[in-house]
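Protein chains: 2
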Amino acid sequence: MTVLTSRVIEFGDDLAISERNREPIMLEKTPGDSVHPFDRATKTTTIDGRLHGTASEDYWAFVGPFGGATGATLLRAMIEHPDRAGDPLTVTVNFCAPLARAEFQVNVRLLRANRSSQHWMAELAQEDNGVVAFATAVFATRRESWSHQQTAMPAAPLAGQIAPLPNAGIANWTQQYQFRFVEGTPDYNGGTRREIPASAFSKMWLSDATPRPVDFLSLLSMSDTFFARIFHVLGVIVPIGTVSLTTAFHADATDLAAEDTTTVLGVADANIFHKNYSDQIGQLWAPSGRLLATTTQVCYFKA
Amino acid sequence: MTVLTSRVIEFGDDLAISERNREPIMLEKTPGDSVHPFDRATKTTTIDGRLHGTASEDYWAFVGPFGGATGATLLRAMIEHPDRAGDPLTVTVNFCAPLARAEFQVNVRLLRANRSSQHWMAELAQEDNGVVAFATAVFATRRESWSHQQTAMPAAPLAGQIAPLPNAGIANWTQQYQFRFVEGTPDYNGGTRREIPASAFSKMWLSDATPRPVDFLSLLSMSDTFFARIFHVLGVIVPIGTVSLTTAFHADATDLAAEDTTTVLGVADANIFHKNYSDQIGQLWAPSGRLLATTTQVCYFKA
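Sequence order for the protein chains is A and B.
Going by the numbering used here, the first sequence opens with residue 1, and the numbers climb by one from there.
Going by the numbering used here, the second sequence opens with residue 1, and the numbers climb by one from there.
Worth flagging that the hints you see were computed from the coordinates, not collected in a lab.
None of the hints are false.
In silico EDC-like pairs for lysine to aspartate or glutamate, Cα to Cα no more than 16 Å straight-line: (1) A:K43 x A:D215; (2) A:K43 x A:E103; (3) B:K302 x A:E144; (4) B:K43 x B:E80; (5) A:K302 x B:E144; (6) B:K43 x B:E57.
Construct the complete structure from the given sequences, taking the supplied hints into account.
Here you go:
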């Protein structure tokens with residue numbers, strides 16, 4: 001599985017940053033640190049009225065931190081804004097360039113507030129690197145209504161019955177999760193493309209490596225944990241990078257607290273690979289059978 | 001089908017605007033006008049360096065213009081910007097408040113330009129009404145690559161074999177389209193909710209009422225033409241409003257020109273209705289069997 005470290009994000013004229021970001025790093029282990037790595041990775045601090053953070057080593061991918069952690073950093077900045085009301089309904093994260101191994105600033109803006117909904121935007125920028133990622137989100141105060149789940153959770157054995165994917169040597173970010181595959185177990189070490197494209201579908205139980213109750217932040221991050229669909233289809237690793245990700249939440253904070261789960265069932269698929277870009281569609285389910293989030297993304301690939 | 005005029009968007013404290021927008025209007029018919037209504041509706045004009053437009057009567061819904069036309073107006077402003085390079089890959093449109101029957105301004109901003117991709121944002125605002133809608137988009141110069149369509153077009157009889165939905169008396173925007181339903185023909189005139197929720201799935205051939213070759217703008221607009229899933233499921237019309245829509249394009253301008261079609265097959269479904277919000281997923285297919293766009297949205301409902 002060491003090949004997973006070759007997940008490459010290509011951003012054209014940002015190759016200089018990519019090269020710098022590729023230097024090998026050591027994970028800092030702080031014994032007795034009670035803050036969960038995910039909360040440390042997505043935290044920002046207000047200094048002189050501006051939000052500051054640092055690119056996460058714990059969630060390092062190959063040329064920058066894992067996109068899910070970056071997206072969650074942006075969503076966290078919106079959630080923690082004093083003017084925020086309600087729970088996130090839907091979030092779109094656009095990835096513009098690799099986040100350099102350095103400090104960053106987040107600028108949060110409320111574009112519109114209505115009686116029961118709000119529209120937010122957050123931009124993450126670095127000195128000498130410009131806008132690296134930005135997110136827009138709709139928040140709403142959700143009330144009881146007619147409720148109906150049209151789609152049933154896909155069948156799966158219990159998570160405890162499946163061995164997690166071994167993660168020795170894999171990129172840092174994958175070490176922060178446990179992947180227990182039900183279908184579509186990664187099998188792309190051969191280096192030779194399949195002549196007949198395989199299924200793009202996969203199904204896995206997913207949890208933080210250090211258990212953490214699932215919330216909006218982790219659901220957004222988990223939306224980006226599906227290995228690129230093209231790896232499954234071609235059976236080889238090729239350069240890829242998410243350019244835009246949209247996640248809709250189908251549970252509010254009260255619902256999530258009631259689920260009280262550290263594990264979700266994640267299913268993902270793709271419809272098309274064409275002219276360097278593919279789509280990805282996914283769902284995240286609570287073990288109870290409740291649909292927590294749906295997600296789509298557009299992914300660059302070189303093949 | 002007159003009930004379709006009761007499609008209501010509720011935006012809390014914007015009810016004053018809603019009331020004003022509900023006044024009956026007459027469509028201006030200009031004989032000999034060679035500009036397609038869709039191009040007229042989505043056009044902006046530069047005055048003193050700012051983009052100006054007017055809320056479209058042709059695409060009027062109930063408390064404002066049809067969201068698809070508003071989204072296309074924002075995308076058009078980005079496409080027509082002199083610094084734009086490449087074709088749109090994915091667009092997210094957030095609807096913040098009803099667009100009042102008045103002029104509006106569009107502010108376009110390039111957030112990041114790379115060698116072969118660009119990240120844009122466009123905001124639509126009105127005097128005394130603030131930000132009404134905004135969109136973010138990724139553009140890219142797409143090149144030949146390995147190409148594979150994982151999903152096949154759903155089976156359907158030829159469009160010409162299906163009678164279009166009668167549109168007398170329906171809201172203006174629906175008169176701008178021809179809907180030829182293959183599955184899930186609207187049947188929600190009874191006024192009584194179904195006791196057992198029906199399928200949320202529908203399949204239809206869709207074209208502009210005045211034929212117009214399908215391009216990025218019309219694909220984005222067509223993404224919002226699916227009648228609310230809750231109408232199909234409950235069998236009645238309830239107040240609804242799209243709050244956020246994301247459409248990914250799977251063809252570039254060259255591909256679309258080669259398709260040269262005025263008609264697409266649109267399929268839509270939903271996974272869940274919960275606490276006033278539902279999702280909607282959709283696909284738009286060329287008659288040749290090529291997947292042109294996929295779309296998701298989050299929709300408010302009151303039921």
